Structure formats: structure tokens, C-alpha cells
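Residues per chain, in single letters:
2 protein chains.
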Amino acid sequence: MSKRVGIREVAAAAGVSVTTVSHSLSGGGQISDATRERVKTVAEGLNYAPNRLASGLRSKRSQIIGFVSDEISTTPYAGNVLLGAQDAAAANDQVLMVVNSNRNSTIEDRGIDALLQHRVDGIIYARMYHQAVELPAALSGIPTVLLDASSDRTDLSSVVPDEEGAARTAMAHLLEAGHRRIGYLGNIDDIPATRGRLAGYRAALAEHGIAFDESLVTESESMTGPGRDAASRLLAQPERPTALFCFNDRIAMGAYQAAHLAGLEIPRDLSIVSIDNFEVLADALLPGLTSIALPHYEMGRWAIERLAAELADDADSAPQQIQMPCPLVLRQSVGPPPR
Amino acid sequence: MSKRVGIREVAAAAGVSVTTVSHSLSGGGQISDATRERVKTVAEGLNYAPNRLASGLRSKRSQIIGFVSDEISTTPYAGNVLLGAQDAAAANDQVLMVVNSNRNSTIEDRGIDALLQHRVDGIIYARMYHQAVELPAALSGIPTVLLDASSDRTDLSSVVPDEEGAARTAMAHLLEAGHRRIGYLGNIDDIPATRGRLAGYRAALAEHGIAFDESLVTESESMTGPGRDAASRLLAQPERPTALFCFNDRIAMGAYQAAHLAGLEIPRDLSIVSIDNFEVLADALLPGLTSIALPHYEMGRWAIERLAAELADDADSAPQQIQMPCPLVLRQSVGPPPR
DNA sequence: CACATCAACAAAAACGTTTTTGGGATTGGG
DNA sequence: CCCAATCCCAAAAACGTTTTTGTTGATGTG
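Protein chains in written order, with the numbering used here: chain A, 461 to 799; chain B, 461 to 799.
It is worth saying that the hints were derived from the structure and are not from the lab.
It should be emphasised that the depicted structure is a prediction, and the values quoted were computed from it without experimental measurement.
One thing to keep in mind: the hints can contain errors.
It does not matter which identical chain is used: a pair holds within one copy or between any two.
Here are the simulated lysine to any residue pairs, SDA-like style, with alpha carbons at most 25 Å apart [stated by the list, open to error]:
| no. | residue 1 | residue 2 |
| --- | --- | --- |
| 1 | Lys-520 | Asp-581 |
| 2 | Lys-500 | Leu-599 |
| 3 | Lys-520 | Asp-773 |
| 4 | Lys-500 | Ile-567 |
| 5 | Lys-500 | Pro-652 |
| 6 | Lys-520 | Ala-778 |
| 7 | Lys-520 | Ser-600 |
| 8 | Lys-500 | Gly-601 |
| 9 | Lys-500 | Met-683 |
| 10 | Lys-500 | Val-593 |
| 11 | Lys-500 | Ala-597 |
| 12 | Lys-500 | Arg-570 |
| 13 | Lys-520 | Pro-787 |
| 14 | Lys-500 | Gln-490 |
Build the full structure now, drawing on both the sequences and the hints.
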């Protein structure tokens, strides 16, 4: 294999200086259109691929974005976040360097240090589910955007799902189908989603003039087993709910099992809607589970775009903290209430 | 924020030349232990973080490994592969730059090109499920290891799951529990897993002197619905199987549903074992699904370690194509056959 | 016509390391 | 006591770009 072609070779082949080649390809400097085009053609022809290490060294822009997340393995969401981030990065001629902490702050610090050594231009600090975070000290010197995470730092941009809105959307769907007695299978963890979704549940009821009934609300771990037990309790009530809104798909799966045990058919006897749109589950359940999707892909995109804007520091570079809307994904688990 | 401390500052502070600092920190050159230690301490004290762009430029080693995968979003396995790769990379002082093709070869080529521009030292070319691949031309010049993918190139290392072994392990578990009439809910796609697992099924039967009975084998798409239908057919037979070995967990979920519909209780009336160990599903099913785990984390580790060995090109750098064993994860879906 | 302005390019410096080459002190052998 | 070898370190070159500074010829201006 021949020696790699560098900017010098291109310059020689095009009969210009390396300066001119650099300017021609980057769009900078004062170069006549004719020369610029010629250089580009020559570079193309030689299959010239610039050395980003060298260009980053001089220009102080590595075009690498660091992506640090807490856990990438236990959830299938991670992939979509990463995908959104990657697509947006590619559009900006950037590439992602990813690092995982496994919730271990030592590993996290080491990972961040590695990213800094590689002179990433900025960092996406991501969590795999919406939570409040404290920013590691190592991130103080570098542009950072929070993803699925919130902090008290108003100088940092962040994006999280609109938990309350998600719950309202889910409830609106049930209410529009005619349900009035709607149970809520809630979560017990102390995380933003717990508060937000419950708030959304209450707000939706209030909006429709339905009184909040504590006996229709449960709290459990967000897993299938506990969800099943909680659902069974609600369904055992004399005047049982005609619909259940579930904190997430795992709990909803438990609700399916509880319905089955109680001899209820979904959606004829009981409607169910949930949050997560965890496809492997929602599609596999019988009937398919109508669920609110968390906008992972979109959050990934947004974070990168925000970071790019802040790096470019144009006018609109003021930090933003946004809540992203969550769309409803229709399947077959909702119907009108039994009369 | 003060100017970033470079190797010069360290040299000045330690009262030596930059050469000496470089050698002290990298372990190269002829430096007395005393000086080496002193330099290290000073560097530590100044919080010196070497610029990898610069060091890579000169040394031709970026310490970046490219990770290109076909689809990262639709499967939860991706995370574990990435995690294994990352852990191994961190141990080698390397970091991962990841790129996703979404099964689009144009995007893939662009991604690989980006990696090459950043001068990655090597590339892990990964698929999210075991399949035969054709290597993109862009990879011809760079050390590459195949992950969950096989090709006809014997000059490349690769790692895939031992499909046949996995099936044999699953079958051994059922056979040891006493089952003799074991159905196989197979897959229909033309992929290595289809052939390997069926072969393992047959081999295990043969080993135990049980005749292969075609009427106990089905082929279907590997999704819950088709799996349910296939299972129902097997269970409707006059002399129905006492156990089912499923191509994957989704089909197994279908088998659960079929069992339920047929009024059979798992594992009392029917035992089920499967392949994938897709935790969100296997744990959520009632009873828990005994399943063979695909060694994603381990394959990720292995690929990086192999690549590192080939990059170091020590003695043992001859390419290897290996099949990784798949462990059985016990849950509650297997019991003795009904008498 | 003298001078400033400008467009289009080139030469040289710079980025922060690693590697190559050089060189002075110490040691050891004859 | 002289020379070679060895040990420890420093000076300088090199990596492949981008940025800064220069240069040249053309164009306008009073």
C-alpha cells in the first residue's frame, strides 16, 4: 500500500501551495472559484482524506463530541439516544466518542478524563432515564449538554421528556374513549417521572371534572411482578376501574397478567395505556399495548444540535432547558368502557 | 480559566527537558528511576493531561478504536456488546468512536470514512445478530475484527456465538430433566443461527438415542405472534411434546401464550427453554423463562483484545475465528415431564 | 504618475507531542 | 592514563494540518 496522500501531495498535483489547498477545502481564505474547484477535484481524485488529528491540533477543533452515559446495557433506549445523537453529529461533520460509567463515579471520571485528553469539543452528559444529576467536577471546563437529566445549573442546556404532558396525553386518550373510572398504577421511586406522571394524571382528571380518588391509585416498583399485584388489588375492588394508566410498560405487562387472572379481556373489559413504548414488549403483548413513546431519538438529536449551537456561539447560544413532548403510539389495548 | 498545562510546563516545573518528560510518562527511553518518579509526581501535581491529538499525530497511534455496527437501536443487545468493548478498551488506554450504519451502505461508508479521518487504530465491525457479511472496501487498509459476523476472509479475526453449542446446552437441560418428546420452534430466516440451532437440536437428540421427528419441528418468523401459532400447532398434536425448545425468547413468549390458550401450565404440563436471555422478557414472563444467554459482553471484550493483540503485532497475532460458548440462565420454566 | 487598495496566492510559523540524533559525565578495561 | 562503552539526558526534527504574515500584480484614485 502506497504512502497515505496528504495535503502536500494534493498541493503538488494541483500546482498550488498547501495553504491554498487548505483554504479551498475548508471554504476559508480568499481563493478564486476556479482554483477552489480545481483543488477540490484534484483532492477528490487523489482520494485525499484529511488527518483530523493534525487539523484538530492546530485549529483547536477536534470535531469529536464526547458522549457519557450512566448505563447503556440494561436498557434498549440507549440505542435510540445514541442514534439520534449520531445522526445529528454526522450532519455537523462530527463524530461521537462514547464512554460509559456503569454508575460508578470513578469509572466516570476516568472516562471523562479520556475524553478530555482526546480534546473533544463538547460533551453530552446523558442518563438512561430521566433523573436529577450532580455534574462531575471534571466537566467544569468544557461545554456540556444534559440529556434525560436535569440539574440546578441554569448555565447548562438540558433536555428531558415532558413527563406531565406524557401522562396527560395518555389520560386524554382514555378519557376520549369514554372512561371515567381510571386507575393509575404508579411508581414508587423518587424520580422526576414519578412526580410528573402522577401530576399529569391528576391534572387530566381535574380538567375533565373528575374527582381524584385515592383508592384508584397504587404505588409499586416498576416491574412486572409488583405491577401485577398492584393491578390485582385495583381490579378486586367492588366498583373496579374500566381503564388503567400504567407508569411504564413493565407494570402494564403486570396489568395484563392481572387482567388475565381476573378473567378480564383487554380491551373489552379493561383498557390499558402506558408509558415507554418499549417495542419488544408492547408489540409482543396480546393485544398490542397502546403506549406513550419517550422521545429518545429526538432528545439525542436535540442535545447535539444544542451543543453545536453553543460551540458556534452565535447569537442564540443562551442555554435552554427544555421538556420534549411524548407522542402516543396506538395499538389495541384501548377501547370504550364496558357499559 | 488559565491556559492548559502542556508538556513544556511540566518540563519547566520538573527542571528537565520535554524529551525527558515524554519518556518518563510513556515508560520509554533511558531515564533513571529517580527522575522518572519525580516527573510523574510533578505532572500529577500540575494536573497534566496529554493532548492525544498531538501525540497521535507524531506517534501514529491515536488510541481510538472505531466501532461500526449495523443497528444499535432496535436491540437491547447492542448495549452489552458496546459495554464489553468499552471495558476492554479502557484497560488498554483506548477509547471507542462509534458509528452506526442503519443497514445503509452509503451511511456506513461515510461513517467509516469519518473514522479513518480521525485515524482510528483499528475497527470493530459489528453486527447486532450473527450473520455473514461482506466487508466494505473502505476497511481494506485498516486492522479489523468482526463481531457477531463472519466472512470468508481468513485473514480477519472474528467472533460469533456457538449456535450449535447453545442449542445442545438447551437441549441437554431438557433431556436431563427427563424429557424425551421435545418440540423445536425454529426460525425461518436464512441466517447462521437458523442452521446452527437446528443442528444442535438434532445432535442432542442423536446423542441421546432419540429419533428425529419432523412433526415436532416448526419454522416461523421469530416473533411472538408466529411463535404462538407454531406452538399451538405442536400442542394440538394427539401426542403432544412435553417440552419446547425455542429459537429465541420472542418465540418463547408466543409459546407461553399458546400454552395458556391450551390450558397448560408451565412448567407442570410443559417445559420451555429458549435462546437469547432477553432479560426484560425472560424475567417478566410468568414463570421466568429459562434461556441461553448470547455472550454479547464477552464478544465485545474479545474483539477489542484481539484487535489490541494484532495491533501490537506480537507473536500471537495470527487471525483467529472463534465461536463463543453460551451459558444457560436458569429460571422457572423447566420441570420434569408430566407422567 | 504616485500611492493606496485589493484579490489571489505563497511562505513560514505554529499546534503539542514523539522520535531521532547528539553529547557530556561516569565507568571499566588494558 | 587513555579509550571505549554506558548511562542519562537534551536539542532538534518531525508529524500534517491551520493560521498568520508576506508578496505580487492588478485596479482604482486624486
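Results for each hint:
1. Both within a single protomer and between protomers do Lys-520 and Asp-581 lie at most 25 Å apart by alpha-carbon distance, with minima of 8 Å and 21 Å respectively.
2. Taking the shortest alpha-carbon separations for Lys-500 and Leu-599, only the inter-copy value of 24 Å comes in at or below 25 Å, while the best intra-copy value is 39 Å.
3. Taking the shortest alpha-carbon separations for Lys-520 and Asp-773, only the intra-copy value of 15 Å comes in at or below 25 Å, while the best inter-copy value is 33 Å.
4. Taking the shortest alpha-carbon separations for Lys-500 and Ile-567, only the inter-copy value of 22 Å comes in at or below 25 Å, while the best intra-copy value is 44 Å.
5. Taking CA atoms no more than 25 Å apart as the test, Lys-500 paired with Pro-652 passes in neither setting, with 52 Å inside one copy and 44 Å between copies.
6. Only within a single protomer do Lys-520 and Ala-778 lie at most 25 Å apart by alpha-carbon distance; the minimum there is 22 Å, versus 39 Å between protomers.
7. In the homo-oligomer, the alpha carbons of Lys-520 and Ser-600 lie at most 25 Å apart inside one protomer (18 Å), although the nearest pairing across protomers, at 30 Å, exceeds that limit.
8. In this assembly of identical chains, the alpha carbons of Lys-500 and Gly-601 lie at most 25 Å apart only when taken from different copies (23 Å versus 37 Å within one copy).
9. In this homomeric assembly, Lys-500 and Met-683 never come within 25 Å of each other (Cα to Cα): the closest approach is 57 Å inside a single copy and 50 Å across copies.
10. Taking the shortest alpha-carbon separations for Lys-500 and Val-593, neither the intra-copy value of 47 Å nor the inter-copy value of 33 Å comes in at or below 25 Å.
11. For the identical chains of this complex, Lys-500 and Ala-597 are inter-copy neighbours only, at 23 Å across copies versus 44 Å inside a copy, given an alpha-carbon limit of 25 Å.
12. In this homomeric assembly, Lys-500 and Arg-570 come within 25 Å of each other (Cα to Cα) only across copies, at 18 Å, whereas the closest approach inside a single copy is 41 Å.
13. Taking identical chains as interchangeable, the C-alpha atoms of Lys-520 and Pro-787 are never at most 25 Å apart, the minima being 40 Å within one chain and 48 Å between chains.
14. In this assembly of identical chains, the alpha carbons of Lys-500 and Gln-490 lie at most 25 Å apart only when taken from the same copy (15 Å versus 46 Å across copies).
Hints 5, 9, 10, 13, counting from the list given before, are not met by this structure.
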